[in-house]
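Undergrad: Chain residues, written in single-letter form:
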Amino acid sequence: MSVAVRARGVYKTYTDGDRRVPVLRGIDMDVAAGESVAIMGPSGSGKSTLLHLLGGLDRPDSPQEEETSLIEIGGQILGHHSERELAEFRNRTLGFIFQFHQLLPDFTALENVMIPGRIAGQDPREVYDQAKRLLAEVGLEDRLEHFPNQLSGGERQRVALSRALALEPPLLLADEPTGNLDPASGERVLEILLDLQARRGTTVLLVTHNPEIAGRCGRILQLESGVLHADRR
Amino acid sequence: MPKAPSQLLLRPWPLPVLLALRYLRSTRKDAYVSFLSTVAAAGIAVGVAALVLVLAALSGLHERLLGQILATTPQIEITLPASADPQEALLAVEGVDGISQAQRVLKGQGWVVYEGVPEAIQLVGFEGSLPPSFPGEGTRGAGLYVPRSLADRWLAEVGSKVQVVSPRPSLSPLGPRPRVRTVLLEGVFESSPVETFQRAALPLDMAEALLGREGRVIQASSSDAEEAVAVVPALQEVLPEGARVQTWKDLNRSLYFVLRLEKTLLFVAVGLIVVVAALALVVGLALVISSKRSEIGMLGAMGVSAPRLRSIFLWLGLSLSTLGLAAGCAIGALAAWLFDRFELLVVPGQVMFVDYIPFRVHAGDIWMVCGATAILVALCSLYAGHRAATLKPVEALRR
Ligand SMILES: Nc1ncnc2c1ncn2[C@@H]1O[C@H](COP(=O)(O)OP(=O)(O)O)[C@@H](O)[C@H]1O
Ligand SMILES: [Mg+2]
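As given, the protein sequences belong to chains G and C, one line each in that order. Residues 1 to 233 (my numbering) make up the first sequence, in order. Residues 1001 to 1399 (my numbering) make up the second sequence, in order.
Looking at chain G on its own, in the form it has when it is part of the complex (with noise of 0.2 Å):
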């Protein structure tokens, strides 16, 4: 099996000031593709953090000597990008969601979802019948036309989720994707994302406080201190 992500000696240290703010010091972690892995760990621990610096959104600290700092997924080392080979990393191999939904709200639920396609500069018509597939999947047929304030916190992180799945990326990132809804919609949204998950085979890093929800992935990782490790339960 292939190795969709792996990190191997990533440190980050936050400078506030002159306060220096270590969060992460030496990640290693390796996950096969298709593997759905939670992420858990106290409110500060640098969960977010990780989770940035493997969608190339932010770069680790430069390694001191003697070590070696590295970050690759699906083959590609986020060190060698530039900015603009970021941009399109981050388009091609990744699907974000987040605890807030982040949907552009002057944009309808479906074009929120055509996004992604049109930044990769595909066919709009294709991108058209993606979208809808895609939101016909989630449950969301008949809400196409609305906009984000018109969508419940459920329907809005469906929405979310369909549009990181919107070109069907071998990793998708989820940070707290429940972490702002009511108990049932969570469930629902999980729900849908492990079910698309296992059917298209995608990579998943999911960071959750809740341990139900981290029990249903195959594997569970804690970050305490800085560093990662498997679940002792």
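Hints may be right or wrong, so weigh each one.
[Unchecked claim] Below 20 Å or equal to it, Euclidean Cα-Cα: the simulated EDC-like pairs (lysine to aspartate or glutamate) are:
1) C/K1392 to G/E85
2) C/K1249 to C/E1262
3) G/K132 to G/D142
4) C/K1392 to G/E83
5) C/K1029 to G/D106
6) G/K12 to G/E65
7) G/K132 to G/E145
8) C/K1249 to C/D1224
9) G/K12 to G/E72
10) C/K1107 to C/E1208
11) C/K1392 to G/D58
12) G/K12 to G/E224
13) C/K1392 to G/D16
14) C/K1392 to G/E88
15) C/K1107 to C/D1205
16) C/K1107 to C/D1250
17) G/K12 to C/E1395
18) C/K1263 to C/D1340
19) C/K1161 to C/E1115
20) G/K132 to G/E168
21) G/K12 to G/E66
22) C/K1249 to C/E1226
23) G/K12 to G/E83
24) C/K1392 to G/D61
[What the hints assert, rightly or not] From the derived model, a few chain C residues whose C-beta atoms are all more than 10 Å from chain G:
25) Q1122
26) L1272
27) A1280
28) R1387
[Claimed, not checked] Chain C regions said to be covered by chain G (calculated; three or more residues, Cβ under 8 Å):
29) 1004-1013
30) 1018-1024
31) 1299-1310
32) 1388-1397
These are computed hints drawn from the structure, not numbers from a lab. Just so it is clear, CB atoms sit at the ideal spot from N, CA and C, and this is done for glycine as well.
With chain G's structure known, arrange chain C with the ligands on it following the hints.
TA: This is chain C with the ligands only, laid out in the frame that chain G set:
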């Protein structure tokens, strides 16, 4: 939903254009942004209208001025070197394609005196008939011609006796004496109020007797003024070494420079209105950007590169100001047409060379105004968009 779904994202346009068009629609819902963009668009309209109007007035005035100058200046003036044979040169000039008329002239300074009243004047001796740079009706044969304004002041008439005096002395047993000829006034010509000095025309042989034979000149004309400029290289071919060919453009070079300078300075001064309006546009765009921080971050996360983020706001700025630009051009051109058609701006009395301000709207002026405004708006929008482009997606996504 009663409303038909939007087809915007199905259009094959670049993504930044699509986003800008949708933002253009949604900015109308935000009270502050729509207020600021209305102010910016109105400011651009006012500035552009003022520019169009001012440039049209200047074009109209310049056109009149140049028309008058062209009527009283030779189209082409050739100064021959001392060694050249003027008759031979004249034949050569007449043989050039595009020259419709050419004649020898001799220029010098002197006086004309009528009933004891002297008037300093430029004397132009001509061969054949009166040169075209002395416009007027009536006879154009050999004889003395003075400006109509001078004849009116003198109360002289055609046939009155006038003395022509040269500063070049002739030696007599009583010492040097000025050369004087008494002639009958043959006719008058219309001088232009913009001429820098008065001129009188007289037959060439008389001019040579008064002024000597140096400084021989050939004046020539073509079918029109632009043709006269074009024919210069051909003239230089046939003329002897050392001959100097000047066109009406060369003869009025300093005037041209002043007119251009005047137009440029007014363009810049009035253009400042547009600059102020563009600053309002920057504020409006900055407001849009700060209210869309996390959206911009999400677009970045989905793979929109920084240059494309920047161009969203370039297009937004351009589309916000297009309306102002179009309205300004229309208002300015309409006002110029009204002012000109109904001669609304009257200049009192004999103050100027016109009695009302003429307006001419040139396509070139409109293009210059539109081009300069578009460049300014584009620079301002890029500056505002730069802030969006340098926003890091992570920072925009964290709240
Ligand atoms: N831009 C920043 N500057 C300084 N500190 C930051 C910045 N971003 C995050 N942090 C700090 O890094 C730590 C980890 O943040 P985060 O990755 O969001 O944690 P989690 O997602 O696990 O709750 C927190 O203590 C947070 O305050
Ligand atoms: Mg977090």
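Undergrad: A separate judgement is required for each hint: does it hold in the structure or not?
TA: Now the hints, each set against the structure:
1. Proposed proximity of C/K1392 and G/E85 is supported: the alpha carbons are some 15 Å apart, at most 20 Å.
2. Taking the CA atoms of C/K1249 and C/E1262, the gap is about 18 Å. The hint holds against a cut of 20 Å.
3. At roughly 10 Å between alpha-carbon atoms, G/K132 and G/D142 fall within 20 Å of each other, so this suggested pair holds.
4. For the given pair, C/K1392 sits about 11 Å from G/E83 by alpha-carbon distance, which is consistent with the 20 Å threshold.
5. As the CA atoms of C/K1029 and G/D106 are separated by approximately 11 Å, the hinted pair is consistent with the 20 Å bound.
6. This hinted pair checks out: G/K12 and G/E65 have alpha carbons roughly 16 Å apart, not beyond 20 Å.
7. In summary, the hint linking G/K132 to G/E145 is supported, as the alpha carbons are separated by about 11 Å, within the 20 Å threshold.
8. Between C/K1249 and C/D1224 the alpha-carbon distance is near 13 Å, which keeps this suggested pair within the 20 Å criterion.
9. A hinted pair counts as satisfied when its Cα atoms are at most 20 Å apart, and G/K12 with G/E72 qualifies at roughly 16 Å.
10. For the hint pairing C/K1107 with C/E1208, the CA-to-CA distance comes to about 9 Å; that is within 20 Å, so the pair holds.
11. Among the hinted pairs, C/K1392 with G/D58 is consistent with the structure: their alpha-carbon atoms are about 8 Å apart, no more than 20 Å.
12. With a CA separation close to 14 Å, the supplied pair G/K12 and G/E224 stays within the 20 Å bound.
13. With a CA separation close to 17 Å, the supplied pair C/K1392 and G/D16 stays within the 20 Å bound.
14. Distance restraint check for C/K1392 and G/E88: the Cα-Cα separation of roughly 16 Å lies within the 20 Å cut-off, and the hinted pair is therefore satisfied.
15. Among the hinted pairs, C/K1107 with C/D1205 is consistent with the structure: their alpha-carbon atoms are about 12 Å apart, no more than 20 Å.
16. Proposed proximity of C/K1107 and C/D1250 is supported: the alpha carbons are some 18 Å apart, at most 20 Å.
17. Between G/K12 and C/E1395 the CA atoms are separated by roughly 15 Å; this keeps the pair inside 20 Å, and the hint holds.
18. The straight-line distance between the Cα atoms of C/K1263 and C/D1340 is roughly 19 Å, inside the 20 Å bound, and the hint therefore holds.
19. For the given pair, C/K1161 sits about 8 Å from C/E1115 by alpha-carbon distance, which is consistent with the 20 Å threshold.
20. Restraint check for G/K132 and G/E168: the C-alpha separation of about 14 Å stays at or below 20 Å, so the hint holds.
21. Distance restraint check for G/K12 and G/E66: the Cα-Cα separation of roughly 17 Å lies within the 20 Å cut-off, and the hinted pair is therefore satisfied.
22. Between C/K1249 and C/E1226 the CA atoms are separated by roughly 10 Å; this keeps the pair inside 20 Å, and the hint holds.
23. At most 20 Å may separate the alpha-carbon atoms for a hinted pair to count; G/K12 and G/E83 meet this at roughly 19 Å.
24. At most 20 Å may separate the alpha-carbon atoms for a hinted pair to count; C/K1392 and G/D61 meet this at roughly 16 Å.
25. Distance to chain G confirms C/Q1122 as a non-interface residue, since its nearest Cβ pair spans about 71 Å, more than 10 Å.
26. The beta carbon of C/L1272 sits about 35 Å from the closest Cβ of chain G, which is more than 10 Å, so the claim that it is off the interface holds.
27. For C/A1280, the non-interface assignment is confirmed: its Cβ lies about 23 Å from the closest Cβ of chain G, beyond the 10 Å cut-off.
28. Taking the minimum C-beta to C-beta distance to chain G, about 16 Å, the non-interface status of C/R1387 holds against the 10 Å cut.
29. Counting residues of the region 1004-1013 of chain C whose beta carbon lies closer than 8 Å to any beta carbon of chain G gives 7, which reaches the threshold of three, so the coverage claim holds.
30. Counting residues of the region 1018-1024 of chain C whose C-beta lies closer than 8 Å to any C-beta of chain G gives 3; at least three are required, and the coverage claim holds.
31. With 8 residues having a beta carbon nearer than 8 Å to a beta carbon of chain G, the region 1299-1310 of chain C meets the requirement of three or more and the stated coverage holds.
32. Under the rule that three or more residues need a Cβ within less than 8 Å of chain G, the assignment of the region 1388-1397 of chain C holds, with 4 such residues.
Comparing the model with each earlier hint shows no violations; every hint is respected.
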